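Q: Protein sequence lines, in the order shown, are assigned to chains H and Y. Each residue of the first sequence is one higher than the one before, counting from 1 in full-length UniProt numbering. Each residue of the second sequence is one higher than the one before, counting from 1 in full-length UniProt numbering.
Don't take each hint at face value.
Cross-link-like lysine-lysine pairs, in silico, PhoX-like; alpha carbons within 25 Å at most [unchecked claim]: (1) H:K92 with H:K28; (2) H:K112 with H:K69; (3) Y:K35 with H:K112; (4) H:K26 with H:K15; (5) H:K92 with Y:K35; (6) H:K129 with Y:K35; (7) H:K112 with H:K92; (8) H:K15 with H:K45; (9) H:K129 with H:K69; (10) H:K92 with H:K26; (11) H:K15 with Y:K35; (12) H:K69 with H:K45.
For the record, the hints were derived by calculation from the structure and aren't laboratory data. Only a predicted model underlies this, so the values are computations on that prediction, with no experimental measurement involved.
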Amino acid sequence: MGERGEEWEAVMLRKAEEEESKAVKKVKLVTSDGVTMEVEISTVKEMETIQAFMNATDTDNSIIFPLPKVSSHILSRIMELMSGEYDQELVKRLSHEELKEICMVANYLNMKTLLHLTASAIANLIQNKSVEFVRHFFNIINDFTPEEEVQLRKTHEWAFEGVDED
Amino acid sequence: MVLGRMVQEQHRGEQEKRPRFFINDNIDILREILKRLDGPSLGVAACVCRLWCSLTRNDDSLWEHLCFRHVSTASVRAVVVALGGYKRLYMVCVRPVLSRLGESERVRKRVWTRHEVQLSLSLFCIDSYERLGSGRIASDASASSLMFLCNTINQRPHLYHLPHTTVSIQIGFCVFLFLAQQARFTLNFAPIPNYTWRSGSSSTPHYRSNLNMETRLYMISEKMLGGS
Numbered sequence: 001m002g003e004r005g006e007e008w009e010a011v012m013l014r015k016a017e018e019e020e021s022k023a024v025k026k027v028k029l030v031t032s033d034g035v036t037m038e039v040e041i042s043t044v045k046e047m048e049t050i051q052a053f054m055n056a057t058d059t060d061n062s063i064i065f066p067l068p069k070v071s072s073h074i075l076s077r078i079m080e081l082m083s084g085e086y087d088q089e090l091v092k093r094l095s096h097e098e099l100k101e102i103c104m105v106a107n108y109l110n111m112k113t114l115l116h117l118t119a120s121a122i123a124n125l126i127q128n129k130s131v132e133f134v135r136h137f138f139n140i141i142n143d144f145t146p147e148e149e150v151q152l153r154k155t156h157e158w159a160f161e162g163v164d165e166d
Numbered sequence: 001m002v003l004g005r006m007v008q009e010q011h012r013g014e015q016e017k018r019p020r021f022f023i024n025d026n027i028d029i030l031r032e033i034l035k036r037l038d039g040p041s042l043g044v045a046a047c048v049c050r051l052w053c054s055l056t057r058n059d060d061s062l063w064e065h066l067c068f069r070h071v072s073t074a075s076v077r078a079v080v081v082a083l084g085g086y087k088r089l090y091m092v093c094v095r096p097v098l099s100r101l102g103e104s105e106r107v108r109k110r111v112w113t114r115h116e117v118q119l120s121l122s123l124f125c126i127d128s129y130e131r132l133g134s135g136r137i138a139s140d141a142s143a144s145s146l147m148f149l150c151n152t153i154n155q156r157p158h159l160y161h162l163p164h165t166t167v168s169i170q171i172g173f174c175v176f177l178f179l180a181q182q183a184r185f186t187l188n189f190a191p192i193p194n195y196t197w198r199s200g201s202s203s204t205p206h207y208r209s210n211l212n213m214e215t216r217l218y219m220i221s222e223k224m225l226g227g228s
């Protein structure tokens, strides 16, 4: 009887410990410039790529997740956007470079809301703009031959009415 | 300007050596952006570079987003695909109708009513039907009966004077064509040579003169239903 009771106590204790460790479990994100950012597990929920990794490994210790494609600057911007519940005003304040990089990271980490938000913002920036503007915006080199380009512009003539001035 | 850029470059160098974002290395993202553009902007995007050109040409789902940004129905997908795809639907029907409605922001952002959706699908059906008859290879040009949509605005044949019966007949035909394709039913009827599509309030009597098309349609569908 007494032995059983002890066993029971031990089980309960272990369970409590487990729960405690789960509650304070944190994720360490290591950015490309070597900065480690410790975040709550709830923050990572939206980052489906990391979430999938965590589900697959299921370790007790806190997880270290390297993000070789993400700089600390961009990661902190993302944290701002997440804590601001993806406010449009916050998005408007980002520079074009920041916007593009955040979009890339959102895709990499599979963050659906953030990807939608940033892709829409970028689409808005190139909407109604000239071909030259779009090339310059994305640093794209024109790889058409002059003849090809003339031909393409002819077939897409309908699209060039009412394009904004650069 | 050059100096400004140099300073910027230097600034970036100082900050950190972060990987530079290049959109063409991230086709997933490119697709996410392209599918959020309006029609003319997607047309402009096709002229940016070879990669963008082939994406807009080969990825019909981009045009699907464009055609049905205004509509919540997913059920028409199979019909549209069977009739020639979303790029064609956009080029032949949605764009001319939109441009006739005017370029205002209000029009572009507005959600289409069921009738507008039906109308564009009906027009598409006509296009598909004509291609079937002529055996032309799909291009972005409209079928000859639909050329009135692309004519100068001055003529203004008013689309919305189309009687509902005409629209529903066309929709019926559209569904019929789809069913026919699904059932691998051979479309062995010849295209009606004098069949032309005109709009305006006088379209009902005009349509009546083409009753033989409806009759044929009825007979074919009867035959099909009787066979199954």
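Q: Could you run down the list of hints and mark each one as holding or not?
A: Tested hints:
| no. | hint | result |
| --- | --- | --- |
| 1 | H:K92 with H:K28 | violated, 29 Å |
| 2 | H:K112 with H:K69 | holds, 18 Å |
| 3 | Y:K35 with H:K112 | holds, 15 Å |
| 4 | H:K26 with H:K15 | holds, 19 Å |
| 5 | H:K92 with Y:K35 | holds, 20 Å |
| 6 | H:K129 with Y:K35 | holds, 16 Å |
| 7 | H:K112 with H:K92 | holds, 19 Å |
| 8 | H:K15 with H:K45 | holds, 23 Å |
| 9 | H:K129 with H:K69 | violated, 30 Å |
| 10 | H:K92 with H:K26 | violated, 31 Å |
| 11 | H:K15 with Y:K35 | violated, 49 Å |
| 12 | H:K69 with H:K45 | holds, 19 Å |
The structure shown violates the earlier hints numbered 1, 9, 10, 11.
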